[in-house]
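Peer 1: Convert by adding 92 to the 1-based position in the sequence shown; the result is the number in this note's numbering.
Bear in mind the hints are in silico, worked out from the structure with no lab data behind them. Be careful, since some hints might not be right.
Distance condition first, Cα-Cα at most 16 angstroms in a straight line; then the derived EDC-like pairs of lysine to aspartate or glutamate [what the hints assert, rightly or not]:
#1 117 / 156
#2 195 / 211
#3 123 / 136
#4 222 / 240
#5 157 / 111
#6 157 / 190
#7 157 / 198
#8 299 / 310
#9 292 / 310
#10 222 / 211
#11 175 / 198
The following label-pair restraints were derived from C-beta to C-beta distances [said to hold, decoys possible]:
#12 342 / 300: 21 to 27 angstroms
#13 338 / 272: 37 to 43 angstroms
#14 212 / 181: 40 to 46 angstroms
#15 156 / 282: 58 to 64 angstroms
#16 201 / 160: 31 to 37 angstroms
Computed from a prediction, not measured in an experiment: that's the story for all the values here. Note that CB positions come from ideal geometry on N, CA and C, so glycine has one too.
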Amino acid sequence: MSTEGKKWKRTKGILWTDEIFSWIKERIPAKEHGYTSRQQMLEELNQTFNTTFTIRAFCTHCYEKGIQLGLCHSNSAIVRGEKHWRHRPVGSFQIKKDYVRIKIAEPNHWMQYQRYVWEQNHPGQSAEGKTVIFMDGNNRNFEPSNLECVTRGELSVMSSLGCTSDCSREEREIYLLRARLICAKTKLLGVEEATRLHNKMNYERRKNDPEVKAKRAEYAKRRMAAIMSDPVRHQELLDKQRAYREKNRERINQWARNKRERLQHVN
């Protein structure tokens, strides 16, 4: 494509010269030179240098060069030394994420009130990195006897054991004791051994739980009914049982002989 005789027009970016910046610097603070807005100053600049700067480009270049025009209203900023209208003194309360917080220091140091009460009633102890929980589940009951400091690990174990916000105080105390026992066992035996014992304990508990037994029996009943209603699945089950018996015939026969011998000794 030939470009001969074509007039190129610059459509993006206009050169900001030193003369332009000198012209701006000579007129700051802008209020002292009679300007009331950036737009007024920009219009005069475009007329003087025959440019077409937009207000956005004008403000951006002034910001990049560190030029402060001085056109901000005096009532739009906080004067040094003055307090913001939203400032709250030390000891003020606020509610954040449904928990009460108290301001403990300036300029903006807040603490959950249950932790503040617990630390005030336990001099020399800190709840830093821990959690202060409400034993009765009411996050507005700040009685010292209702507050308990627990570690993050203990809180996690309590949740895994089934402790929820609906638990009573007695149930939460039991969960806390179990969690502290598990954490102490983990620290003493190591993670792997403690996990193995914990899983074994849960298995024994669930195996002997009547509710769990009833659920498993109901599931097995539904599963067997579904298999018996489908001829293909029923035949597959029979084939698997036949293959299992053939594979373990000798072991099954030995088990049967041992059982008969035990019955004979009993009789």
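Peer 1: Next, verify each hint and record whether it holds.
Peer 2: Outcome of the hint check:
For the proposed pair residue 117 and residue 156, the alpha carbon gap of about 14 angstroms is at most 16 angstroms, so the pair holds. Taken as a hint, the residue 195 and residue 211 pair is honoured in the structure, with Cα atoms around 15 angstroms apart against an allowance of 16 angstroms. Distance check on the hinted pair: residue 123 and residue 136 sit about 14 angstroms apart at the alpha-carbon level, within 16 angstroms; holds. Taking the CA atoms of residue 222 and residue 240, the gap is about 10 angstroms. The hint holds against a cut of 16 angstroms.
In summary, the hint linking residue 157 to residue 111 is supported, as the alpha carbons are separated by about 14 angstroms, within the 16 angstroms threshold. With a CA separation close to 46 angstroms, the supplied pair residue 157 and residue 190 exceeds the 16 angstroms bound. Taking the CA atoms of residue 157 and residue 198, the gap is about 35 angstroms. The hint is violated against a cut of 16 angstroms. With a C-alpha separation of about 15 angstroms, the suggested pairing of residue 299 with residue 310 holds against the 16 angstroms cut-off.
At most 16 angstroms may separate the alpha-carbon atoms for a hinted pair to count; residue 292 and residue 310 exceed this at roughly 24 angstroms. Straight-line distance between C-alpha atoms of residue 222 and residue 211 comes to about 12 angstroms, which keeps the hinted pair within the 16 angstroms bound. Note on residue 175 and residue 198: the hinted pairing holds, with a Cα-Cα distance of about 12 angstroms set against a maximum of 16 angstroms. At roughly 33 angstroms, the beta carbons of residue 342 and residue 300 sit outside the given window of 21 to 27 angstroms.
At roughly 53 angstroms, the beta-carbon separation of residue 338 and residue 272 lies outside the given 37 to 43 angstroms, and the hint is violated. In this structure the hint that residue 212 and residue 181 lie 40 to 46 angstroms apart at CB is violated, the actual value being about 19 angstroms. Distance hint check for residue 156 and residue 282: the Cβ-Cβ separation is about 59 angstroms, which falls inside the suggested range of 58 to 64 angstroms. Separation of residue 201 from residue 160 is about 32 angstroms and conforms to the stated range, judged on CB atoms against 31 to 37 angstroms.
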